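The sequence shown begins at 1 in this note's numbering and counts up by one.
Since the hints were derived computationally from the structure, they do not count as laboratory data.
All figures in this text were calculated on a predicted structure; none of them were measured in a lab.
Virtual Cβ for every residue (Gly too), placed ideally from N, Cα, C.
Careful, some of the hints might be misleading.
Here are the in silico distance ranges between beta carbons for each label pair [to be verified]:
1. Gly132 x Ser168: 16 to 24 angstroms
2. Lys220 x Phe55: 27 to 35 angstroms
3. Asp48 x Leu242: 43 to 51 angstroms
No farther apart than 35 angstroms at their CA atoms in a straight line, the calculated lysine-lysine pairs in the DSBU-like style are these [unchecked claim]:
4. Lys241 x Lys203
5. Lys121 x Lys255
6. Lys146 x Lys255
7. Lys220 x Lys263
8. Lys241 x Lys146
9. Lys245 x Lys203
10. Lys255 x Lys203
11. Lys146 x Lys263
12. Lys255 x Lys220
13. Lys241 x Lys220
14. Lys247 x Lys203
15. Lys146 x Lys121
16. Lys247 x Lys220
17. Lys245 x Lys232
18. Lys263 x Lys236
19. Lys245 x Lys220
20. Lys203 x Lys263
21. Lys146 x Lys203
22. Lys247 x Lys236
23. Lys241 x Lys199
24. Lys220 x Lys203
25. Lys220 x Lys232
26. Lys236 x Lys199
27. Lys41 x Lys199
28. Lys121 x Lys203
29. Lys236 x Lys220
30. Lys247 x Lys232
31. Lys146 x Lys236
32. Lys263 x Lys245
33. Lys232 x Lys255
34. Lys199 x Lys247
35. Lys220 x Lys121
36. Lys121 x Lys41
37. Lys121 x Lys236
38. Lys232 x Lys146
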Amino acid sequence: MMGGLTGWLRVNRHTPCAICAKPDWCLISENGSAAICPRVKSERRMGDAGWLHRFESSNIQFLPTPPEESATEAYGEHHWAVRADEFFESPFSATARERLASEWRVRTAVIEALMIGWDGKTYSIPECDADGNIIGISRRWPDGRKRFHSGGNRGLTYAADWYEDDGSIYVVEGASDVAAMLQADYCVIGRPSSSGGLKHLEKMLMRVDREVIILGENDKRPDGTWPGLAAKDLAKRLCWKLHRKVKWGLPNDAKDMREQLSKKGSHYER
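Construct the complete structure from the given sequences, taking the supplied hints into account.
Written out as C-alpha cells, the structure is:
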C-alpha cells in the first residue's frame, strides 16, 4: 500500500515508470495495467500521488530492488547528498517548501537555503558534517512528528554561506530555530539535540575567530529536569576545545528562539 492506495507498487531502478521513464516517485499497479505519475499530467488526478495513466495492454513485470543492495551501494560514497538532491527536486517539493515556510513564518528562500525537500510523506532536512557533506537526513511529518532516515549519521543544519557574515555565530537546537534565526538575518548553526553536535561544531568553529553563543531552550519539565540547560555544558566543552570563551543563553520569555523572534523586540537572556 502506498499513501493510502492499495494494489500499487513504487517504481525503482529496475522497473522505471512507463510514462516518464524515471526510477522514483511514480507508482505502477500490481497487474501492470496502469501507472500514477506525478510528472506527466492526464485527465485524472490521484491526489498528491500524481496523474493516472491506463494501458490498453501491458506486459510490464515489476522487478523489486534486490534486498542485498544497500543505500550506499545504490548511490555510492555520497549517497546522502544524492538522496537530499532527489528529495529537494521531487514533485510537489516546491509546494511543500511553501507550506513549511508559512507554518514556520519565514521566507521560502530560507527553507530553500537549508535544502529542505519532500520525500512523498515528510519534509526532508539534510544534516551535514563540518565540511558541508550531507551525512544524514532528518524527516518531519506535517503533523510535527520527527524521525531520522536509518543508516545516516546526525550532523548540523546550516546554510552553505554561513561563514560569510562577520558577526556572532549562534548555535541553536533544531531546524525550525535555524530557519527563524536565518529569517532574522543571524548567522546560525543548528545542532541535532540539546547536547549534540560537539565534534562537528568544534571542527567548524576552530576555523573562524568569531564570538560563539550557544542557545538553549526553556523546556523545564515537571520533574525538574531541564534539557535546554545542556547548552551551558556544551558551551563549556567548546571552550576547552577551542581554547577561547564561548557564551551561552536562553530565550528571555519564550520556549525557543523561533517563539522568541516572533515577539516584538526579541532578545535572549544569558
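- [ ] Take a quick look at whether Lys247 and Lys232 sit within 35 angstroms of each other, Cα to Cα.
- [x] holds, 8 angstroms
TODO: Can you let me know if the beta-carbon spacing of Gly132 and Ser168 is within 16 to 24 angstroms?
DONE: holds, 21 angstroms
TODO: Below or equal to 35 angstroms on CA atoms is what counts here, so check Lys146 against Lys255.
DONE: Between Lys146 and Lys255 the Cα gap is close to 19 angstroms, so the pair holds against 35 angstroms.
- [ ] Starting from Lys245, check that the Cα of Lys203 is at most 35 angstroms away, please.
- [x] Answer holds: Lys245 to Lys203 is near 16 angstroms, not above 35 angstroms.
Task: 35 angstroms limit on alpha-carbon distance, applied to hinted pair Lys220 and Lys232 - done: With a Cα-Cα distance of about 14 angstroms, the restraint between Lys220 and Lys232 holds, given a limit of 35 angstroms.
Open item on the list: Run the distance test for Lys241 versus Lys203: straight-line Cα separation, threshold 35 angstroms.
Closed with: Holds - the C-alpha atoms of Lys203 and Lys241 are around 9 angstroms apart, at most 35 angstroms.
TODO: Would you mind confirming whether the straight-line C-alpha gap from Lys146 to Lys203 stays at or under 35 angstroms?
DONE: holds, 27 angstroms
Task: 35 angstroms Cα cutoff - pair Lys146, Lys121 - done: The given pair, whose Cα atoms are some 12 angstroms apart, holds under the 35 angstroms limit.
- [ ] Sort out whether Lys236 lies within 35 angstroms of Lys121, counting only the CA atoms.
- [x] violated, 39 angstroms
Task: 35 angstroms Cα cutoff - pair Lys247, Lys220 - done: holds, 20 angstroms
Task: 35 angstroms limit on alpha-carbon distance, applied to hinted pair Lys245 and Lys232 - done: holds, 12 angstroms
Open item on the list: Check the hint pairing Lys236 with Lys199 against an upper bound of 35 angstroms on the C-alpha distance.
Closed with: holds, 14 angstroms
Consistency note: the structure conflicts with the earlier hints numbered 2, 27 and 37.
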